[in-house]
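Enquirer: Next come the chains, spelled out residue by residue.
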Amino acid sequence: MICYKCGCRLSEHDFCTGCGADVALYKRIMFASNRLYNDGLEKASVRDLSGAIISLRQSLKFNKNNIDARNLLGLVYFEMGEAVAALKEWVISDNIRPKKNIAADYIEMIQANQARLSSINETIKKYNQALMYCHQDSADLAIIQLKKVLSNSPKYVRAHQLLALLYINSEEWEKAQRELVRCSHVDTNNTTTMRFQKEVERMLMPEAAPGKGPVKKKGSGNAVRYQSGNEIIIQPANVKEPKGISSLLNLGIGVIIGVAIACFLILPGQIRNVKADTSEELRKVSENLDAKTATIDELGQKVQKLQDENAQLSEEIASYQVNDDTLKATDNLMMAVSAYLANPDDLEAVAAHLEALDEELARDEEDSSKYKTESYMALYNGFVDTVRPRLVEYYYNTGYENYRSRNFEDAIPDLARVYQYDETNVNALFFLGISYYRTEDYDNAKETFAKVIDNFPGTNSASQSKTYLAEINNTEAR
Amino acid sequence: MIDFEEELKKFQFSLEVEDAEEAINSLSREIDMADLLLKMMEKTEKEEKEEE
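Residue numbers (this note's numbering), protein chains in the order written: chain A, 126 to 603; chain B, 66 to 117.
Take these hints with a grain of salt, some might be off.
Said to hold, decoys possible - Below, a sample of chain B positions facing chain A; criterion: calculated Cβ distance under 7 Å:
| id | residue |
| --- | --- |
| 1 | 67 |
| 2 | 69 |
| 3 | 85 |
| 4 | 88 |
| 5 | 99 |
Claimed, not checked - With a straight-line Cα cutoff of 20 Å, these simulated SDA-like cross-link-like pairs (lysine to any residue) come out:
| id | chain 1 | residue 1 | chain 2 | residue 2 |
| --- | --- | --- | --- | --- |
| 6 | A | 186 | B | 116 |
| 7 | A | 250 | B | 87 |
| 8 | A | 280 | A | 243 |
| 9 | A | 417 | B | 91 |
| 10 | A | 272 | B | 103 |
| 11 | B | 75 | A | 132 |
| 12 | B | 104 | A | 132 |
| 13 | A | 323 | B | 89 |
| 14 | A | 186 | B | 69 |
If you are wondering where the hints come from, they were derived from the structure by calculation, not from laboratory data.
Here the structure is a predicted model, which is why all the values come from computation and not from measurement.
All C-beta atoms, glycine included, are put in the ideal place defined by N, C-alpha and C.
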């Protein structure tokens with residue numbers, strides 16, 4: 126210890142042996158500071174860090190230049206996770222005594238490792254953020270931040286305490302106790318920690334004395350409570366097994382509850398499943414029905430189309446039949462022409478084909494207009510004009526021969542054809558009338574005699590025709 | 066019974082590294098008992114000289 130006035134080393138006297146200044150009070154202040162430092166050192170050695178802080182700060186209140194006290198205070202702060210506070214004390218200490226000061230080594234140790242310094246700073250920032258969340262009633266976020274803080278700095282006492290306080294507030298007593306135990310491992314005699322711990326133990330073991338390990342105690346009510354580790358086990362006391370009617374009653378209640386569960390929980394699910402299956406089936410059936418309906422429509426359209434085709438083909442067949450008649454008529458004409466060309470004297474063959482042609486024309490008189498084309502009629506008329514004189518001669522000879530031999534039936538067609546081809550042949554027409562008369566075909570006979578009278582008046586045939594007409598009338602009158 | 070709000074008020078924000086310099090300056094200006102004693106002594110000596 127040196128004199129505050131002259132800097133001489135002080136002796137056991139209450140004055141300075143160098144300058145004579147009164148140092149009694151000064152020495153007592155220095156002694157008090159040193160004593161508090163010793164107290165702080167003692168507390169720090171038993172991990173009563175908060176107590177050590179109090180002593181060391183008091184020591185510095187007496188003597189702010191107490192380097193040992195300041196350095197130890199920095200160490201204690203650093204141990205409790207208060208890195209900046211520790212740095213602050215060490216920097217001041219280094220300023221007070223720049224040489225032979227352990228504080229310089231501490232500062233260098235931290236500053237040399239930038240990663241660690243930034244990690245410390247991040248940790249502090251997260252702690253401050255967590256505290257901010259607490260003030261904003263965001264306990265969940267605060268807990269998350271504090272867990273991050275403690276993963277980086279497991280000895281951060283204030284973070285443990287704040288986390289414990291949050292757990293206490295949310296009545297998570299076991300978690301709170303765990304944090305407080307960790308606090309106690311760092312700082313054994315922290316007042317805040319102990320206060321929180323007392324509260325937590327009171328909540329965990331309201332009827333047991335704290336800190337006495339597993340305790341088994343009969344409760345005042347109907348339960349026995351005891352703690353095993355962090356868990357409280359509550360065992361009901363004086364519980365009797367139900368017997369007799371009550372068992373049956375309980376069984377019945379159980380059955381009723383079971384049926385109710387089946388009705389209200391299981392059955393709706395089953396009904397839903399059945400409905401879903403039914404809907405699925407219905408959907409499939411509807412799809413099949415739609416497909417079949419579409420097929421039926423398609424088939425109906427095909428039937429209609431086939432019917433239309435059938436009708437069209439029938440019409441075509443009918444037209445072919447007409448054409449067949451046309452072909453026959455054409456064939457007869459062609460054969461008549463062919464026969465004539467082959468042998469102009471074979472009038473019998475030519476006449477036979479023309480007769481057949483006339484029969485076809487007479488049978489299909491309605492349809493004959495379809496094939497009586499201009500070219501057909503030109504050929505027909507040309508051919509008939511060519512063979513007409515010889516045909517008239519042929520038919521007249523044949524008809525007259527039959528007439529003379531009184532074969533009137535056979536004479537009629539030939540004589541009729543003579544008049545057909547030659548309307549000026551009065552004899553053929555007159556003999557045709559007589560032939561009708563002889564065969565008692567009076568209607569044709571009257572018609573034929575009328576033509577003779579009208580077309581050839583003044584002729585002998587006309588006067589004889591009048592006589593025959595009178596006879597026919599008389600005969601009919603009778 | 067612990068009052069959460071009251072307990073929360075006791076928790077202070079930690080000093081960050083950026084704020085350390087200012088804190089060091091303020092702390093270095095602290096006055097201890099020895100400083101007070103020296104001021105008292107100086108004042109007493111000054112008064113004695115004035116009386117003489």
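Enquirer: Does the structure keep residue 272(A) and residue 103(B) at a Cα separation of 20 Å or less?
Expert: Violated. Residue 272(A) to residue 103(B) sits at ~49 Å, over the 20 Å cutoff.
Enquirer: Within 20 Å, alpha carbon to alpha carbon, are residue 323(A) and residue 89(B)?
Expert: Cα-Cα ~37 Å, so violated.
Enquirer: Under the criterion of a CB-CB separation shorter than 7 Å, is residue 99(B) in contact with chain A as hinted?
Expert: Given a least distance of 5 Å, the restraint on residue 99(B) holds.
Enquirer: Are the Cα atoms of residue 186(A) and residue 69(B) separated by 20 Å or less?
Expert: Not OK: residue 186(A) and residue 69(B) at ~32 Å, beyond 20 Å, violated.
Enquirer: Would the pair residue 186(A) and residue 116(B) pass a check requiring their Cα atoms to be no farther apart than 20 Å?
Expert: 33 Å, violated
Enquirer: Please verify whether residue 417(A) and residue 91(B) have alpha carbons no more than 20 Å apart.
Expert: Distance of about 98 Å is beyond 20 Å: violated.
Enquirer: Can you verify the interface hint for residue 85(B): is its Cβ closer than 7 Å to any Cβ in chain A?
Expert: Holds - the Cβ of residue 85(B) comes within 7 Å of chain A, reaching about 5 Å at its closest.
Enquirer: CA of residue 104(B) to CA of residue 132(A), is that 20 Å or under?
Expert: It holds: about 17 Å lies between the C-alpha atoms, which stays within 20 Å.
Enquirer: Has the given pair, residue 280(A) with residue 243(A), been kept, meaning a C-alpha gap of at most 20 Å?
Expert: 17 Å, holds
Enquirer: Against chain A, is residue 69(B) within 7 Å by beta-carbon distance?
Expert: Nearest chain A Cβ about 4 Å off; hint holds.
Enquirer: Holds or violated: are the alpha carbons of residue 75(B) and residue 132(A) at most 20 Å from each other?
Expert: 44 Å, violated
Enquirer: Does residue 67(B) pass the interface hint, meaning its C-beta sits closer than 7 Å to a C-beta of chain A?
Expert: 5 Å, holds
Hint compliance for this structure: hints 6, 9, 10, 11, 13 and 14 are broken, all remaining hints hold.
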